[in-house]
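There are 2 protein chains.
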Amino acid sequence: MAQEQVKIPQATARRLPLYYRFLNNLHSQGKQRVSSAELSEAVKVDSATIRRDFSYFGALGKKGYGYNVNYLLGFFRKTLDQDELTKVALIGVGNLGTAFLNYNFLKNNNTKIEIGFDVDESKVGTAIGDVPIYHMDELQEKLIEEGITVAILTVPAPVAQPITDSLVEANIKGVLNFTPARLNVPPSIRVHHIDLAVELQSFVYFLKHYPITEKELL
Amino acid sequence: MAQEQVKIPQATARRLPLYYRFLNNLHSQGKQRVSSAELSEAVKVDSATIRRDFSYFGALGKKGYGYNVNYLLGFFRKTLDQDELTKVALIGVGNLGTAFLNYNFLKNNNTKIEIGFDVDESKVGTAIGDVPIYHMDELQEKLIEEGITVAILTVPAPVAQPITDSLVEANIKGVLNFTPARLNVPPSIRVHHIDLAVELQSFVYFLKHYPITEKELL
DNA sequence: TATTCTTTGTGATATATTTAACAGAACATC
DNA sequence: GATGTTCTGTTAAATATATCACAAAGAATA
Ligand SMILES: NC(=O)c1ccc[n+]([C@@H]2O[C@H](COP(=O)([O-])OP(=O)(O)OC[C@H]3O[C@@H](n4cnc5c(N)ncnc54)[C@H](O)[C@@H]3O)[C@@H](O)[C@H]2O)c1
Ligand SMILES: NC(=O)c1ccc[n+]([C@@H]2O[C@H](COP(=O)([O-])OP(=O)(O)OC[C@H]3O[C@@H](n4cnc5c(N)ncnc54)[C@H](O)[C@@H]3O)[C@@H](O)[C@H]2O)c1
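Chains A and B are the protein sequences, given in the same order. At position 4 of the first sequence (counting the first as 1) the number is 4 in the UniProt record's numbering, and the numbers step up by one without a gap. At position 106 of the second sequence (counting the first as 1) the number is 106 in the UniProt record's numbering, and the numbers step up by one without a gap.
These are calculated hints, taken from the structure and not from any lab test. Keep in mind that the hints are not guaranteed to be accurate.
Note: identical chains are not told apart, hence a pair may lie in one copy or across any two.
Derived DSS-like pairs: lysine-lysine, alpha-carbon spacing no greater than 27 Å straight-line [to be verified]: (1) Lys173 <-> Lys142; (2) Lys208 <-> Lys173; (3) Lys44 <-> Lys173; (4) Lys7 <-> Lys44; (5) Lys208 <-> Lys112; (6) Lys112 <-> Lys63; (7) Lys31 <-> Lys7; (8) Lys63 <-> Lys123; (9) Lys208 <-> Lys87; (10) Lys44 <-> Lys123.
Work the whole structure out from these sequences, hints included.
What follows is the structure, encoded as structure tokens:
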């Protein structure tokens with residue numbers, strides 16, 4: 001739970017996993033060094049932004065050389081707590097929930113969905129991938145027992161708030177919410193919304209209303 | 001394809017579908033008027049931000065009264081092209097693709113996945129929801145035939161780039177990319193990435209490194 | 001009608017993020 | 001070891017976004 005000396009900008013924090021993933025690719029290709037320009041091309045982030053992002057953590061590179069892949073990878077592994085597993089619960093084993101369980105973010109080796117919950121009796125007692133599905137009645141008990149503090153929410157919107165209330169009672173610290181509902185939680189709980197219907201609609205809006213500018217065409 | 005007088009900030013554009021959805025809820029509850037403060041509570045966006053967002057479109061409200069739900073709804077319906085259907089193709093009918101097909105963003109009544117593509121012979125020829133699945137060999141032909149210019153990409157990462165190249169050839173204008181691959185496209189094509197593994201990892205990073213601040217606790 | 005209350009729309013300001021540009025450190029080569 | 005080249009780290013500037021705070025318009029009330 002190391003705290004940075006100086007707070008990293010949120011925009012930077014959101015890019016860290018992306019950098020990490022790409023560094024892993026480079027590493028498995030046996031690459032020794034990489035420049036901010038190469039990274040930029042690969043992850044589609046401006047090279048100055050990458051250098052600035054890295055610089056929040058100190059001087060990780062060498063002038064005239066670039067960055068050492070192994071060193072950088074080791075650094076990010078620690079920074080992103082890659083050696084510590086965060087156990088996640090998934091609530092709502094429907095279309096989206098089942099897709100997540102099958103996928104289970106296997107390539108993130110620091111996060112794993114450990115347990116699923118649903119009210120549907122045909123799902124309770126089964127397992128998807130190797131993740132067991134329990135009934136909602138056992139939510140609090142199981143979460144506390146397993147010490148799980150992160151939940152992915154993929155239930156119908158109308159039940160999202162009451163379920164969130166139970167999650168809070170079960171001592172959860174964060175909810176990754178895929179439902180359209182906007183959740184009320186105490187201020188100590190973090191909620192991120194990923195609202196796929198909004199994403200699609202705003203994408204279509206951008207397509208229609210934001211034609212590529214002259215500048216972008218250069 | 002109406003172009004705004006003054007360009008709407010992107011951050012505003014991303015919130016529009018959210019406002020629209022909530023206004024629809026209010027409307028179906030029979031509510032006549034709404035203030036920026038009420039909207040704020042419901043969509044969890046600062047009320048000043050909401051007023052500023054709306055003000056880009058002119059003076060939509062009345063001082064001392066708020067906003068008329070019907071009027072606002074009608075306004076956003078036009079602005080978000082709710083009366084014009086955007087047909088979407090989905091490439092890769094796997095875990096995630098199947099979830100999207102079953103859901104099919106039914107409540108967005110301006111977008112619909114019309115057609116799916118895969119290479120898996122056991123899927124080709126079937127339909128999910130009412131969406132027919134075709135073989136990738138027919139990609140270009142079908143897309144052009146149906147006049148589809150938006151694609152959702154849910155294929156394995158290694159094939160994402162070559163498939164994107166075919167999509168570009170088939171005259172696609174936008175790709176909503178769920179794969180971890182960063183796509184190279186000509187500048188006239190818009191790509192949005194939704195990288196769920198990155199979302200989960202950065203969420204976990206925030207939980208560990210950004211404890212709720214004093215300010216947020218007030 | 002007069003008075004009070006509510007709530008918008010926006011100027012001003014604060015905060016966050018991106019990008020340009022370049023001095024200088026270190027590498028590579030001869 | 002001198003010279004030219006590469007590429008970082010960072011200062012400065014630009015851009016983007018969010019929030020404060022309040023005048024004034026209009027609603028509500030009496
Ligand atoms: N599937 C998508 O592509 C998609 C896209 C955008 C948003 N969403 C949102 O994600 C959420 C899930 O979507 P879905 O398509 O997977 O829905 P779904 O209906 O397939 O799955 C919902 C699951 O939640 C379970 N459930 C219902 N009530 C419950 C309760 N009280 N406690 C626990 N589990 C309960 C159901 O049994 C079901 O298994 C919805 O809110 C939806 O709006 C889904
Ligand atoms: N499922 C998730 O929860 C999840 C989460 C994060 C990211 N992703 C990403 O989304 C993508 C899809 O994930 P998934 O879990 O649905 O995978 P999946 O393997 O279940 O589905 C991929 C589908 O693409 C099809 N396919 C393979 N090659 C193809 C080709 N050349 N042309 C057309 N179709 C082809 C396969 O037949 C399969 O149906 C992957 O890139 C994955 O990394 C998925």
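Outcome of the hint check:
{"no.": "1", "hint": "Lys173 <-> Lys142", "result": "within (15 Å within a copy, 47 Å between copies)"}
{"no.": "2", "hint": "Lys208 <-> Lys173", "result": "between (39 Å within a copy, 10 Å between copies)"}
{"no.": "3", "hint": "Lys44 <-> Lys173", "result": "between (32 Å within a copy, 19 Å between copies)"}
{"no.": "4", "hint": "Lys7 <-> Lys44", "result": "both (24 Å within a copy, 24 Å between copies)"}
{"no.": "5", "hint": "Lys208 <-> Lys112", "result": "between (38 Å within a copy, 16 Å between copies)"}
{"no.": "6", "hint": "Lys112 <-> Lys63", "result": "neither (38 Å within a copy, 51 Å between copies)"}
{"no.": "7", "hint": "Lys31 <-> Lys7", "result": "neither (31 Å within a copy, 44 Å between copies)"}
{"no.": "8", "hint": "Lys63 <-> Lys123", "result": "neither (57 Å within a copy, 53 Å between copies)"}
{"no.": "9", "hint": "Lys208 <-> Lys87", "result": "between (41 Å within a copy, 13 Å between copies)"}
{"no.": "10", "hint": "Lys44 <-> Lys123", "result": "neither (41 Å within a copy, 33 Å between copies)"}
Hint compliance for this structure: hints 6, 7, 8 and 10 are broken, all remaining hints hold.
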